[in-house]
Structure formats: C-alpha cells, structure tokens
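Peer 1: For the sequence shown, position 17 matches number 17 in this note's numbering, and the numbering has no gaps at all.
These are calculated hints, taken from the structure and not from any lab test. Watch out, some of these pointers could steer you wrong.
In silico DSS-like pairs for lysine-lysine, Cα to Cα no more than 25 Å straight-line [to be verified]: (1) Lys96 <-> Lys45; (2) Lys45 <-> Lys76; (3) Lys125 <-> Lys110; (4) Lys45 <-> Lys94; (5) Lys76 <-> Lys110; (6) Lys125 <-> Lys76.
From a predicted model like this one, the values you see are computed outputs, not experimental measurements.
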Amino acid sequence: MYEAQLPADWAYILNDSGSSVVFCATQDIFDRVHRDVLPSTPSVKASLCLDAPDGEPHAFATAMTRATTNDAQILKPTEEDLCNLIYTSGTTGKPKGVELTHLNFASNVKAAGRSMVDDPTQLVKQSDRSLAFLPWAHS
Numbered sequence: 001m002y003e004a005q006l007p008a009d010w011a012y013i014l015n016d017s018g019s020s021v022v023f024c025a026t027q028d029i030f031d032r033v034h035r036d037v038l039p040s041t042p043s044v045k046a047s048l049c050l051d052a053p054d055g056e057p058h059a060f061a062t063a064m065t066r067a068t069t070n071d072a073q074i075l076k077p078t079e080e081d082l083c084n085l086i087y088t089s090g091t092t093g094k095p096k097g098v099e100l101t102h103l104n105f106a107s108n109v110k111a112a113g114r115s116m117v118d119d120p121t122q123l124v125k126q127s128d129r130s131l132a133f134l135p136w137a138h139s
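Could you put the whole structure together from the sequences, leaning on the hints where they help?
Peer 2: Encoded structure:
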C-alpha cells in the first residue's frame, strides 16, 4: 500500500483482501496503522514493524525469534495456489486486487530460462545480482 494513501484506503485493502497480518516498514507507519486503521480491520490479528528495535514486542525480528516451525504446518504450494495479491492504485475507483498464482511466476521463470540459457541450472547463479525499481502501482 502507498504510504501517502489515506487510512481509509489502507483499511479498504486490508478488509477486501482478508489480511490477517500487517507488516509496516517504519515505526511511523506502524503507529498510523494502529491509530487509524486497525480499529476498522477486524480480520487483522497481528501487526509487525520491520525497523523496530530487536526485543520490542512488535518488532519483526522479535516475532521471528519467537516463531518455531511447530507454530504452523508448512504446506508445499500448488501451481494454482495464490502467490501474490497486488492492488491497483485505485485511480478509477476502489483499488482492485489482482491475484497471481505460483504458476504465473513459475511460467515467467521457465520462459526466460528457455530463451536465455541452454542449461536451466545456469539461469540464476550465486554470483548474480539484480535490481528492479518500479513505482508501487507498477510492481
């Protein structure tokens, strides 16, 4: 979601998507979410802050330290399972969620591999580096 969006827009997207966890990049965003968004998003059960100091109860690092593999059953996704949900910017009305499956991503990687290298294991090497920069609405 855009940092500059209104809290009502954030609440709409969280409710529409049925999100249960919110990851906030900064403490300021975390505070805004708690104050202006969470009271109207009943599906959200947890919120974490990526830049909160270790040891803070809402810090992502703290949550990862407390988590164990026994906390949830890990299931291998199928090609049809939802992989990513991207919302449009909402310039022509309410933002719309675009669902992408694991197959959407896998087919792109497979297609690139066939056209770029003879040996698929050489498509991405440990020494490779990549950078992609797109505005949020185009990611």
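Peer 1: Under the criterion that the straight-line Cα-Cα distance not exceed 25 Å, is the pair Lys125, Lys76 satisfied?
Peer 2: 24 Å, holds
Peer 1: For the pair supplied as a hint, Lys45 and Lys94, is the alpha-carbon distance within the 25 Å limit?
Peer 2: Cα-Cα ~24 Å, so holds.
Peer 1: Given the hinted pair Lys96 and Lys45, is their alpha-carbon gap at most 25 Å?
Peer 2: 23 Å, holds
Peer 1: For a C-alpha distance cap of 25 Å, please report whether Lys45 and Lys76 respect it.
Peer 2: Roughly 24 Å between the alpha carbons, so the hint for Lys45 and Lys76 holds.
Peer 1: Would the hint linking Lys76 and Lys110 be met if the CA-CA limit is 25 Å?
Peer 2: Holds, because 19 Å separates the two Cα atoms, which is no more than 25 Å.
Peer 1: For the pair supplied as a hint, Lys125 and Lys110, is the alpha-carbon distance within the 25 Å limit?
Peer 2: The given pair, whose Cα atoms are some 15 Å apart, holds under the 25 Å limit.
Hint compliance for this structure: every hint is met.
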